[in-house]
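Listed below are the residues making up each chain.
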Amino acid sequence: MNGGLDDLYREVILDHHRSPRGASKLAAPDLEAEGRNPSCGDEVALQVAFDGDRIADVAVLTRGCAIATASGSILAELATGRTLAEIADLAELFRAHMRGDVADLPEDLDSGDLEVLSGVRKFPARVKCALLPWLTALEALQAREQGRAAEVSTTEV
Amino acid sequence: MSAERFRLPAPAGVEPCAGQEGDCIRCGGLFPERFPVLGRRVNGRDLVYLDSAATTQKPEAVIAAQARYYRRHNANVHRGMHALATEATDLYEACRRRVALLLGVSRPEQIVITGGTTASLNLAAFGLQHLLRPGDEILLTEMEHHANLVPWIALARREGLLLRHLPVDAGGELDLGVLPDLLTDRTRIVSLAHVSNVLGTVNPVAEIAEAAHRRGAVVVADAAQSVGHLPVDFADLGVDLLAFSAHKAYGPMGLGFLAGTPDILDRLEPVEFGGEMIDRVGLDEATWAEVPQRFEAGTPNVAAAAAFPAALDLIDEAGLERIRTHEMQLTGYAFDVLRRFDDLTVHGPDDPARRGGLVAFHDERVHAHDLAQLLDARGVAVRAGHHCAQPLHARLGVTATARASFGLYNSHDDIDAMADAIAYAREVFA
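Protein sequence lines correspond, in order, to chains A and B. Counting the first sequence from 1 gives a position; the working numbering is that position plus 7. Counting the second sequence from 1 gives a position; the working numbering is that position plus 4.
These are calculated hints, taken from the structure and not from any lab test. Think of the CB as a built atom: it goes at the ideal place given N, C-alpha and C, for glycine as much as any other residue. You may find that some hints are simply not true.
Stated by the list, open to error - Label-pair ranges, simulated between beta-carbon atoms:
id: 1; chain 1: B; residue 1: A398; chain 2: A; residue 2: A132; range: 16 to 26 Å
id: 2; chain 1: A; residue 1: P131; chain 2: B; residue 2: D317; range: 35 to 45 Å
id: 3; chain 1: A; residue 1: P131; chain 2: B; residue 2: A398; range: 56 to 66 Å
id: 4; chain 1: B; residue 1: G48; chain 2: A; residue 2: D58; range: 50 to 60 Å
id: 5; chain 1: A; residue 1: A35; chain 2: B; residue 2: V432; range: 32 to 42 Å
id: 6; chain 1: A; residue 1: E152; chain 2: B; residue 2: Y74; range: 16 to 26 Å
id: 7; chain 1: B; residue 1: E325; chain 2: A; residue 2: V19; range: 20 to 30 Å
id: 8; chain 1: A; residue 1: A35; chain 2: B; residue 2: G164; range: 37 to 47 Å
id: 9; chain 1: B; residue 1: F277; chain 2: A; residue 2: V109; range: 17 to 27 Å
id: 10; chain 1: B; residue 1: E64; chain 2: A; residue 2: E93; range: 18 to 28 Å
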């Protein structure tokens with residue numbers, strides 16, 4: 008591939024896109040949130056089921072491009088077994104990284120396939136695709152903490 | 005993979021455009037050499053520009069005319085006694101006369117110069133606001149661009165109006181069967197696209213306008229996708245107001261027009277206030293200038309107005325009928341080429357004669373954004389997304405489509421290059 012596309016469509020990303028993790032709707036979610044990307048029409052629905060404080064099961068249902076789908080799949084993979092607060096911390100870090108405020112993700116970070124999305128930073132127009140599921144997760148947490156219904160998240164901030 | 009693989013004969017039933025080599029399929033497009041940007045390379049490949057519905061490229065003559073304006077004439081219009089101000093005013097008013105000629109409008113005063121189609125449609129909507137009462141109805145269609153939807157939504161919210169929408173049928177055409185039910189004695193305004201920016205459908209504006217006028221409604225046409233691409237005659241369309249942009253017709257950005265009948269322009273209220281649009285001003289009161297100056301507050305884009313006639317010269321030289329035939333050829337060919345891919349749906353009417361020069365499609369294997377990105381790597385520029393028509397995409401059951409749209413400069417080779425790039429994108433995603 009040329010035009011730096013190797014960094015965008017890395018095999019790991021394409022694999023997540025072909026068989027996204029957490030793609031099955033949950034029967035009884037404890038928490039639900041939606042995200043939308045108004046400029047391109049991508050949509051994500053996030054569902055979380057808890058076991059105590061920890062995330063027992065998660066669904067990230069994406070109607071969008073390969074980058075958004077893969078990013079949601081990576082989120083689903085990372086979320087299981089963690090607390091929502093841990094995921095929110097990771098989401099904050101990932102957002103700062105994708106927006107260029109943090110150059111590298113910490114090496115000791117147990118962030119699974121998240122680092123493969125770093126290549127998306129070379130394509131500013133696609134950063135919002137990678138961020139959509141994560142910003143949706145952040146809003147879900149904030150809404151839960153504040154005891155309100157989650158608003159529809161958008162990446163246009 | 006060779007582009008030859010996708011080379012098909014020209015579609016049957018559409019006349020060749022009689023381009024430079026006579027036969028449309030080998031004509032190489034009309035005057036591509038006059039558009040400097042088309043000589044560019046993108047990502048190591050020759051640019052194949054298929055996004056003219058978003059904005060057309062500009063011929064050298066337009067670029068030169070705009071530069072010449074700033075080099076020789078730059079001054080504000082309608083307010084100076086010096087030579088430059090007179091020249092700037094002449095150029096600005098010459099553009100108005102030229103657009104009147106283009107649309108077959110007899111009086112140049114019927115042409116309001118604006119910043120673009122969106123500004124024109126906002127002027128139409130809010131200029132008519134004073135004629136509306138709570139409970140009045142506005143009829144739009146399901147295929148409108150946000151520019152011809154959101155101003156009406158905002159107006160409806162302010163005035164307590166009811167919006168109705170003419171539905172789109174499975175073939176991508178307006179369902180005129182329900183028009184009599186949707187036109188009621190409360191319908192005050194009917195506003196619709198002449199050519200859909202997604203489906204490509206050429207709507208029967210004249211027929212709808214006639215029915216709407218029988219109900220006493222004001223009819224507005226969004227001609228952003230038709231002017232410069234097919235013959236558009238204001239009187240033939242039979243509408244009261246017609247909006248379009250220069251930049252989709254080979255002209256500069258930041259310039260648009262609202263053509264109107266003398267009667268409706270007299271009833272339209274200004275929506276922007278300030279210099280240029282007044283007759284007399286006191287500290288507590290003001291009266292408006294005549295039509296059309298009363299709608300042109302502030303300093304307009306004189307440079308763009310000075311340059312647009314050069315675009316219209318090129319359109320005249322090519323001939324609108326020939327441009328239309330050429331774009332129909334390209335559209336029919338794109339349809340034939342795209343239909344050879346499995347799991348790919350082309351939206352809108354099948355018949356190129358019922359379409360403008362664009363094709364939007366949905367590829368089940370590669371999402372539109374990924375497709376556009378991978379095509380860009382091959383130098384092929386298409387648009388992906390909802391094309392500012394979210395309700396229509398909801399109606400089609402998709403969140404995004406890819407769209408290839410044509411200008412007079414495009415050739416059958418451009419479509420072959422696109423097909424080649426789609427095959428490549430599908431390999432990446434296989």
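Hint check results:
no. : hint                           : in the structure
1   : B:A398 with A:A132: 16 to 26 Å : holds (23 Å)
2   : A:P131 with B:D317: 35 to 45 Å : holds (38 Å)
3   : A:P131 with B:A398: 56 to 66 Å : violated (28 Å)
4   : B:G48 with A:D58: 50 to 60 Å   : holds (52 Å)
5   : A:A35 with B:V432: 32 to 42 Å  : holds (38 Å)
6   : A:E152 with B:Y74: 16 to 26 Å  : violated (56 Å)
7   : B:E325 with A:V19: 20 to 30 Å  : violated (53 Å)
8   : A:A35 with B:G164: 37 to 47 Å  : holds (42 Å)
9   : B:F277 with A:V109: 17 to 27 Å : violated (48 Å)
10  : B:E64 with A:E93: 18 to 28 Å   : violated (59 Å)
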